[in-house]
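**Student:** Read off the chains here:
2 protein chains.
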Amino acid sequence: MDRKDNTQSKKTPIEETGKIYLIEKLLNGSSNSLSDTISAEEQDNGHILVSHSLLLEGIDFDLVYTPLKHLGYKAVLSALGPIYAACHTPQTISVKIGLSGRFFTEDVEELWQGISAAIAEHKIETAGLDLLPSLTGLTLSLSSQGKQPKERFVQMPAPASGDLICITGSMGAAYMGLQLLEREKALFNSNPGVQPKLGDYKFILKSYLSPEINTTVPETMMNNNIFPSAGEFITRGLADSVKRVCRRSGLGARIFLDKLPIATQTFAMAEELNMDAITAALNGGDDMHLLYVIPLAKYEEFKKELPALDVIGHLSGAGTGTMLVTPDGSSIELKAQGWGD
Amino acid sequence: MDRKDNTQSKKTPIEETGKIYLIEKLLNGSSNSLSDTISAEEQDNGHILVSHSLLLEGIDFDLVYTPLKHLGYKAVLSALGPIYAACHTPQTISVKIGLSGRFFTEDVEELWQGISAAIAEHKIETAGLDLLPSLTGLTLSLSSQGKQPKERFVQMPAPASGDLICITGSMGAAYMGLQLLEREKALFNSNPGVQPKLGDYKFILKSYLSPEINTTVPETMMNNNIFPSAGEFITRGLADSVKRVCRRSGLGARIFLDKLPIATQTFAMAEELNMDAITAALNGGDDMHLLYVIPLAKYEEFKKELPALDVIGHLSGAGTGTMLVTPDGSSIELKAQGWGD
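These protein sequences, in sequence, are chains A and B.
Each number in the working numbering corresponds to the 1-based position in the first sequence with 5 added.
Each number in the working numbering corresponds to the 1-based position in the second sequence with 5 added.
It is worth saying that the hints were derived from the structure and are not from the lab.
Worth double-checking, as some hints may not be accurate.
Just so you know, same-sequence chains aren't split out, so a pair can sit in one copy or run between any two.
[As the list claims (entries may be wrong)] Mimicking BS3-like on lysine-lysine, the simulated pairs with C-alpha atoms at most 27 Å apart in a straight line are:
hint : residue 1 : residue 2
1    : K190      : K211
2    : K15       : K74
3    : K128      : K155
4    : K340      : K16
5    : K30       : K128
6    : K24       : K128
7    : K309      : K155
8    : K30       : K74
Construct the entire structure; sequences and hints are all you get.
**Tutor:** See below:
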């Protein structure tokens with residue numbers, strides 16, 4: 006009767022199977038298995054997709070240094086990001102909050118302040134909320150629906166070798182902000198009298214605690230009828246996003262190390278903590294930037310309308326792998342958590 | 006820096022505020038605050054809505070007596086129920102699974118067996134899956150998208166006093182099945198040699214462990230162009246569903262105690278456990294039945310096509326409350342968890 010008995014037997018750890026391999030196997034190779042969104046049947050006058058996110062306390066956030074208001078704001082962005090990445094406009098959001106006994110009405114109100122600020126800012130027409138009991142802290146689940154006119158959807162070109170890979174901001178900053186907060190938490194725990202020293206690192210702290218999605222980029226694309234061949238919301242690190250694009254398109258990619266935008270504060274914090282800023286940029290989470298793949302022939306058009314997009318590499322032929330190219334010209338296979346490679 | 010410090014202060018427990026009151030206050034009285042679904046902007050050729058559910062270990066399920074396969078199947082139903090209740094057809098589903106270290110590849114495969122069985126049975130075209138790390142056991146979040154032709158949507162009449170309240174099955178069975186499983190778990194924990202005695206109670210056990218949604222009812226409505234004035238998926242108990250209909254329509258309701266369908270096994274189990282079968286029927290969760298409100302003038306039409314629908318009461322005028330009418334004619338206000346009444 007007690008299933009815990011057999012968890013001790015010869016079962017396979019998920020990291021050994023590889024998360025992405027397992028997901029693809031279970032979904033039987035369905036094409037949307039590596040997408041952050043689910044597409045509905047195409048409508049006569051538009052295309053609808055649904056983005057869905059789940060945030061768990063202790064994994065996705067730590068309330069010791071994340072104010073509830075900031076958490077609520079970020080949680081909404083985590084659901085909207087994939088919709089913007091797909092050049093859709095968010096229309097609705099449903100929020101489910103699991104709350105253990107240590108949360109009170111005032112906490113829910115503070116969390117909702119952040120949620121409703123993001124909802125207002127992103128002009129979401131319809132919002133739903135449900136509160137559920139939990140035994141184990143705070144759980145947030147969000148589901149958001151976005152729309153795109155049909156004209157745009159059908160014109161999206163297929164990704165091709167040579168297409169440029171671009172991103173909307175510098176990488177690794179949120180991850181280094183998180184490391185700084187973790188350090189201060191550890192210091193505070195060992196000596197509660199110590200005040201946190203956060204003053205010099207506003208940019209990386211803001212990247213972690215109060216990120217914004219650069220919605221100007223997808224909006225400019227929509228308004229100017231220029232079409233990327235792929236879009237990704239980068240939340241699990243750049244390497245993961247690039248690998249998703251490659252797996253879905255069946256193509257390879259080359260990312261150039263010296264093209265990666267990394268902020269001075271990200272480098273400085275990494276040095277202070279004896280960490281590697283490049284690893285933070287490639288594999289650190291929480292950055293909330295958008296990645297777009299742009300047809301090479303359309304590059305001038307994109308550049309004119311969207312000068313802020315950083316080109317970091319390009320797609321390459323099938324079977325060429327997902328490679329990081331260093332300044333000396335050598336290539337290293339990109340690694341990402343969950344891929345089992 | 007540590008927010009736990011101030012949770013000891015004069016904060017308000019959520020049950021004191023009242024969950025429904027708090028949700029409505031935060032959503033500022035928006036009309037969808039008591040709906041299980043979020044509607045998209047109306048499309049030219051149909052109406053899309055999104056249902057969203059969150060299931061937490063220890064609250065919504067206990068893996069000691071719930072096989073993972075059954076849990077997966079039920080989790081999908083929990084997302085599809087609100088779509089059927091609204092007379093939509095489910096099209097897509099996204100599943101996010103939070104897994105702590107005690108879950109292995111084989112566990113995820115077993116869970117997915119149930120999920121994919123339900124997906125196949127309900128002919129859902131597109132499915133997505135993501136696996137996430139968790140510190141605290143198993144968490145399931147599902148988001149499903151359903152569609153309805155526009156012709157149907159616009160013909161749905163507004164609920165009116167006198168409309169009949171109908172349900173698709175007997176109430177309280179799943180709750181009494183759960184009580185039986187809880188009793189056997191307690192016996193097993195105090196004496197692991199004892200075999201569980203479950204033989205005589207197949208119906209209530211199936212109601213809890215392997216429920217089905219009676220999709221024939223919404224399908225018949227869709228195929229025959231007959232329109233309920235409201236639909237609810239009953240998962241938090243009948244009283245909660247009736248109160249949601251009343252709150253949204255601004256009307257009252259009268260539910261007749263002697264019309265409530267309650268199975269013989271539900272009564273028998275309640276007696277054996279010294280519990281009240283009526284309370285189980287009104288407030289027990291997990292039943293997975295549908296509630297429809299049917300315009301009085303259309304009753305003959307509904308009855309002809311849907312003889313299995315049980316009429317249990319009717320809507321009444323604004324301000325008349327949500328009442329349970331006993332056989333002697335007296336009325337008692339219906340209570341439901343979370344309503345703060």
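**Student:** Does each hint hold? Answer for all of them.
**Tutor:** Verification of the hints:
1. In this homomeric assembly, K190 and K211 come within 27 Å of each other (Cα to Cα) only inside a single copy, at 17 Å, whereas the closest approach across copies is 49 Å.
2. With identical chains, the CA atoms of K15 and K74 are at most 27 Å apart between copies only, with a shortest distance of 19 Å across copies and 44 Å within one.
3. In this assembly of identical chains, the alpha carbons of K128 and K155 lie at most 27 Å apart whether taken from the same copy (21 Å) or from different copies (25 Å).
4. Taking the shortest alpha-carbon separations for K340 and K16, only the intra-copy value of 25 Å comes in at or below 27 Å, while the best inter-copy value is 46 Å.
5. Taking the shortest alpha-carbon separations for K30 and K128, only the inter-copy value of 20 Å comes in at or below 27 Å, while the best intra-copy value is 38 Å.
6. In the homo-oligomer, the alpha carbons of K24 and K128 lie at most 27 Å apart only across protomers (26 Å), although the nearest pairing inside one protomer, at 35 Å, exceeds that limit.
7. Proximity of K309 and K155 under a CA criterion of 27 Å is satisfied intra-copy only: 25 Å inside one chain copy versus 42 Å between copies.
8. For a Cα distance limit of 27 Å, the shortest separation of K30 from K74 across copies, 17 Å, qualifies, whereas the shortest one inside one copy, 38 Å, does not.
Violated hints for the displayed structure: none, as all numbered hints are satisfied.
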